[in-house]
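Chains as they are written, first to last, in our numbering: chain S, 892 to 1081; chain E, 892 to 1081.
These aren't lab readings, by the way, just hints derived from the structure by calculation. The reader is advised that the hints may include incorrect statements.
A pair holds if it fits inside one copy or across any two, identical chains being indistinguishable in the list.
[What the hints assert, rightly or not] Taking lysine-lysine and the BS3-like style, the derived pairs with C-alpha atoms no more than 27 Å apart in a straight line are:
#	residue 1	residue 2
1	974	992
2	904	974
3	972	912
4	972	992
5	904	992
6	912	992
7	896	912
Predicted model, so just to flag it, every value in this text is computed and none were measured.
Protein chains: 2
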Amino acid sequence: MQLLKERILREGKNLGNGILKVDGFINHQVDPLLMDACGAELARRFARVGATKILTAEISGIAPALMTGKHLRLPVVYARKHKPITMPDQVFLTLAPSHTKGRMVELIISPEYLQGGERVLIIDDFLASGATILGLVRLAEVAGAQVVGIGTLVEKTFEQGRASLEPLGVPIESLAPVASLDGDRITFLE
Amino acid sequence: MQLLKERILREGKNLGNGILKVDGFINHQVDPLLMDACGAELARRFARVGATKILTAEISGIAPALMTGKHLRLPVVYARKHKPITMPDQVFLTLAPSHTKGRMVELIISPEYLQGGERVLIIDDFLASGATILGLVRLAEVAGAQVVGIGTLVEKTFEQGRASLEPLGVPIESLAPVASLDGDRITFLE
């Protein structure tokens, strides 16, 4: 998606160690119009998968998932990393490694909002190692729901996350697949 | 705002101790179309305050802030509760009591995205004690920015947060001001 790629080229920063900083428009400051356009494009790509619900993980998945949900007119559930007091005792919980925290974090969903028979479209900001998304897949499976697609804004293709998701046999889309980060040079896959 | 009030009456749950559970459409599962409508209404109410930026706190402020930002065509900054590795060493940081965690949490903003001279509209999901919003006000002030309005989806008027914000002398709007929670009965202010 040209709009997102151009923004990354203009404002993204390679911090080294494979870290691409996009805090100015995705992760800390968010550009709602860019997110709306990304949501529209993800909705277009997944228009035919028959999703009934969008699933993401807090925190930075919320903006792209919300905008995709708006365009597909579907509810969005975001997995919590800490169980709030409003959640029932019985929950779906899995552990996933956090690349920014260097430790495992919990991903928690209330059974109230993810049920058997649902067709789940997973949306997140980044596809890197795929570990967070695989955590969401496990939560969907334990709820008896079916994952029907996986969409992200940015894919760090050099972290091979896609290979860990392909066995699921569902469409995987990323709007800006980054081939390499080299000094000031960010290159996208064709 | 009628649409939001009706949804709260239909699906909100009084959990006791002043806790109103709205996890089915605001806090864990989000209804993007409802959020879009709430964002449009908040944008309408604050159309004339001359805001240059929207400020909120992760996590549950993101959805209403993002939709308000979309309608006002303004960037949205969400204060982080944990400093990510992409953030510079020097940050704006304050502490605010969390009503759901029973302890103080950090609110952190990078100086990259909140600068002197900005006119800040604060948007959050709940106005309860006002403590989180006052934390955001302190962050704006220390950045040299000016708060020009405060908008929330739900106000628990019985927690008196509005009184702590009124000395700021800026417009305060809530789309669903709850007067009382009594068993199954949720009452709104006129």
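Verification of the hints:
For the identical chains of this complex, residue 974 and residue 992 are neighbours both inside a copy (18 Å) and across copies (10 Å), given an alpha-carbon limit of 27 Å. Taking CA atoms no more than 27 Å apart as the test, residue 904 paired with residue 974 passes between copies only; the shortest distance there is 17 Å, against 33 Å inside one copy. In the homo-oligomer, the alpha carbons of residue 972 and residue 912 lie at most 27 Å apart both inside one protomer (22 Å) and across protomers (18 Å), since each shortest distance falls under that limit. Taking the shortest Cα distances, residue 972 and residue 992 sit within 27 Å of each other both inside one copy (12 Å) and across copies (13 Å).
Taking the shortest alpha-carbon separations for residue 904 and residue 992, only the intra-copy value of 19 Å comes in at or below 27 Å, while the best inter-copy value is 34 Å. Within a single copy, residue 912 and residue 992 get their C-alpha atoms as close as 15 Å, which meets the 27 Å cut-off; across copies the closest is 30 Å, which misses it. Only within a single protomer do residue 896 and residue 912 lie at most 27 Å apart by alpha-carbon distance; the minimum there is 13 Å, versus 39 Å between protomers.
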